[in-house]
Structures are given as structure tokens and as C-alpha cells.
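S.K.: Taking the numbering used here, the leading residue of the sequence shown gets 525, the next gets one more, and so forth.
Because the hints were derived from the structure by calculation, they are not lab data.
Fair warning: this is a prediction, and the values are worked out from it, not measured in the lab.
Worth double-checking, as some hints may not be accurate.
Straight-line alpha carbon distances no greater than 30 Å define the calculated BS3-like cross-link-like pairs of lysine-lysine that follow [as the list claims (entries may be wrong)]:
#1 850 x 817
#2 746 x 624
#3 850 x 541
#4 850 x 532
#5 633 x 746
What follows is a list of derived Cβ distance ranges for each label pair [to be verified]:
#6 560 x 659: 36 to 44 Å
#7 659 x 627: 42 to 50 Å
#8 833 x 677: 42 to 50 Å
#9 712 x 845: 50 to 58 Å
#10 773 x 525: 36 to 44 Å
#11 882 x 689: 41 to 49 Å
#12 888 x 577: 42 to 50 Å
#13 551 x 583: 16 to 24 Å
#14 568 x 746: 22 to 30 Å
#15 577 x 659: 16 to 24 Å
#16 773 x 746: 37 to 45 Å
#17 837 x 525: 39 to 47 Å
#18 558 x 668: 42 to 50 Å
Don't be surprised by glycine CBs; every beta carbon is placed ideally from N, CA and C.
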Amino acid sequence: MLFILGLKGLSHPETAKRGMHLAEFGMMMAIIGTLMHFEIVSYTWIIIGLLVGSTLGAAMGVWVPMTAMPQRTALSHAFGAFAAALVGIAEYYSYTHGFKPLAELGQIKMGAMGFEIMLGSLTTTGSLIAFAKLQGLVPGKPLVYRGQNIFNMSLLAVTIGLFIYLIFVPTAVIPFYVMLTLAFVFGVLLVLPIGSADMPVVMSLLNSYAGLASAATGFVLKNNVLIIAGTLDGFSGFILSILMCRAMNRSITNVLFGAFGSAATAVVGEGAQGEMREVSIDDIAVQLAYANKVVFVPGYGLATAQAQHAVRELAGVLESRGVTVKYGIHPVAGRMPGHMNVLLAEANVPYSQLYELEQINPEFPTTDVAMVIGANDVV
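Sequences and hints are given; from them, build the entire structure.
M.R.: Dropping the structure here:
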């Protein structure tokens, strides 16, 4: 119930903080309940894990700058997915090496375990590649080669084939580790063809994968909290991916099969007709001084320049002159879902001035000045 209320709170900026606290409290109650319900042989490793995780989380929260928030989110997805994969691997190892009765490893449990490991593994490497692209460790442009989609689909088919085989023959250890390796490799190949500009959709999709892997972990461990939380996370992330793809006039299959950045991507519309005219800062100042309504359209360039505070200051000057100021937020502006909302909130921009794509588009015919700040890729 707390997870659902938290998710509901996150649907609006004014209730987002309360929603986050509700979800945090729900997770804390789930952890306490799990530790009290199951017989714990030793709390040593649990305490060590809590200390290490809390230290890393606090350090990342304090020292990671707002401009690096997409990279930090990608790492979080990798951590969560890797944890799910490790749980599945440990469970399989315990059955195949005599720590648990092999007779209990039925088809349903092996199916949930294999799904958890496969999805968790590809999400781990996919998230790490997303982090590397956003951090500049790997070229941000799409990395494509001849026959890429055919090779990726063949690799996925072999991985799924091994997964199905393991459901009927769960004791086949070698096919298990081959499936595990192929899943790790597929995660890399899935994200490499995707350019940095399309990362918001990828981040949302990877979040969905991590959530579904956690839900599968819940089935393996017979933990209802993991099932509920993972399912909510998985489906909300998948729905968000679909909505962002629609805003970009793309198909979700482009994301699923790593087709972003290739020649096969959908055409988003006809190019704008007109003549580009370069203007000076003085010209812009005059236009802003005599404007009645100004719309700011922020993008990733705003984040890299850390210009959100300067924009907020300019907006304050305009508002003091009686100008109506609004912000148009494209769903995929930036490098992660909600990237612009986070940056503008840091600069104390009122939530009431933030408008989504469908809300702001009808406003442009009556707008005197539209300032596009580092968002040419989404305009």
C-alpha cells in the first residue's frame, strides 16, 4: 500500500517529496519485516552489507553533482539488476551443489530463476554501457555495424532457447552459464547502438527491466514485497518508455532492438520552413523587454552549462516587468526521464510554471518569445 501511495505521490511535483518518503518508509518496513520473519543464522554479513550500501549511497548523494544525475541513475539500475542476478545465481548454485534439495527445483521455480538471471544480467551490462556513454567513457554516438540487428536477434534467440531448455533440464550446468554469459553480452550490444540523445527512453526501459528482475527474485525467494515492488517498478517504467517514444514519434520496437541512431529510425516530421537570422544579445534583450509572454524550452545544453540558475534569474526579472513566464518540458529533454524537472526544481522554479508537451504546444501561437536553451534535438 505504501509503495502504491508513493508512486501516486510521484505523479505530481507538489506531492513528489511526500511520495518518496512514503515509498522509503514502505521499503524500511519491508526490510524489517523480512529480517524478523525469516530465520537469520548470522547478522554479520547483513550488517556489513547495510554499512557498505549506506556509505556508498550517502557518498553518491552528497558528492554527485546535479549534472551527473543521469550517470548516477544508470549506476543505480546496474546495482539493482546485478543484485537480482546474483541472488538467482546463488540460488541455482545452492540447488546444483547440494545445499538445497535438487528435487525442489521444479520447472516453475527454474523459470522464475532463469528469467531473473537473464533479465538482471543484460540490465546490468546495459546500464553500465549507458553510464559509460553518459560519462564520456564510450563514444556517445550510435555504434552500428553491418548485420547488427540480425546478430543481436540471433543472440537473443539463442539466449531464450537456453532459458527454455533449462526449464525442462534444470540440472544442465553448462547451458546455464552459457545463458548467463550471453545475457551479459546482449546487454552490451543492446545499448551500444543507441545515441546519448536517446538515453531517457533507454534509462526508463532499463529501469523497467530491473524492476521485472526484482519481481522474479520475489517469486524465487517467495517474497511478496519484492513481487509487488518489482512489478510496480517494471510496468511503470515500461509505460513511461512507451509514452516517451510516442512523444518522439518513434516505436517501442526501436528501443527493444537497439535501432536508435540507425537509418531505420522513424521520420519525426517535415523540416521547418524559413530563413535563419542571427541576432545579437541586444536584439534579444529588446524582444524580451517588450514581450507579454515568454516560454523557455530547456534541454541537455542547459544541464551541461548549469544554466538553470541564470534562467531562473532572467525569468524573475521578466516577471517583475509583468511578463508571463512558462517552461515547456519535452519528455525526452536531457539524458534521463524528468531531468529538466530536477534541474529547474533545484533553481527554485515554481512547479506551476512547468508545462508538459501537450500543455505547452497550444501556447506557442500566442507566445511573443520562445527561448530554446540547448534543446534543438527535441524541438
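S.K.: Given a hint of 41 to 49 Å, does the C-beta separation of residue 882 and residue 689 actually sit inside it?
M.R.: holds, 47 Å
S.K.: Indicate whether the distance between the beta carbons of residue 833 and residue 677 respects the range 42 to 50 Å.
M.R.: Roughly 46 Å apart at Cβ, these two residues keep to the hinted range, so it holds.
S.K.: Need the status of pair residue 850, residue 532: alpha-carbon distance at most 30 Å?
M.R.: holds, 25 Å
S.K.: Confirm or reject the claim that residue 888 and residue 577 have a C-beta distance inside 42 to 50 Å.
M.R.: Because 46 Å falls inside the window, the suggested range holds.
S.K.: Quick check: does the Cβ-Cβ distance between residue 551 and residue 583 fall within 16 to 24 Å?
M.R.: Hint holds: Cβ distance 20 Å, inside 16 to 24 Å.
S.K.: Does the hinted range 42 to 50 Å hold for residue 659 and residue 627 at CB?
M.R.: holds, 47 Å
S.K.: Measure nothing beyond the straight line between the CA atoms of residue 746 and residue 624; if it is 30 Å or shorter, mark the hint as holding.
M.R.: holds, 15 Å
S.K.: Indicate whether the distance between the beta carbons of residue 577 and residue 659 respects the range 16 to 24 Å.
M.R.: Cβ of residue 577 to Cβ of residue 659: about 22 Å, so the range 16 to 24 Å holds.
S.K.: Starting from the range 37 to 45 Å, see whether the pair residue 773 and residue 746 falls in it by beta-carbon distance.
M.R.: holds, 44 Å
S.K.: Just to be careful, I want the Cα atoms of residue 850 and residue 817 compared with a cutoff of 30 Å; is the pair within it?
M.R.: holds, 8 Å
S.K.: Could you see if the CB distance from residue 558 to residue 668 stays within 42 to 50 Å?
M.R.: Cβ of residue 558 to Cβ of residue 668: about 44 Å, so the range 42 to 50 Å holds.
S.K.: With a cut-off of 30 Å on the C-alpha distance, tell me whether residue 850 and residue 541 pass.
M.R.: Holds: residue 850 and residue 541 sit about 23 Å apart, inside 30 Å.
Checked against the numbered hints above, the structure breaks none of them.
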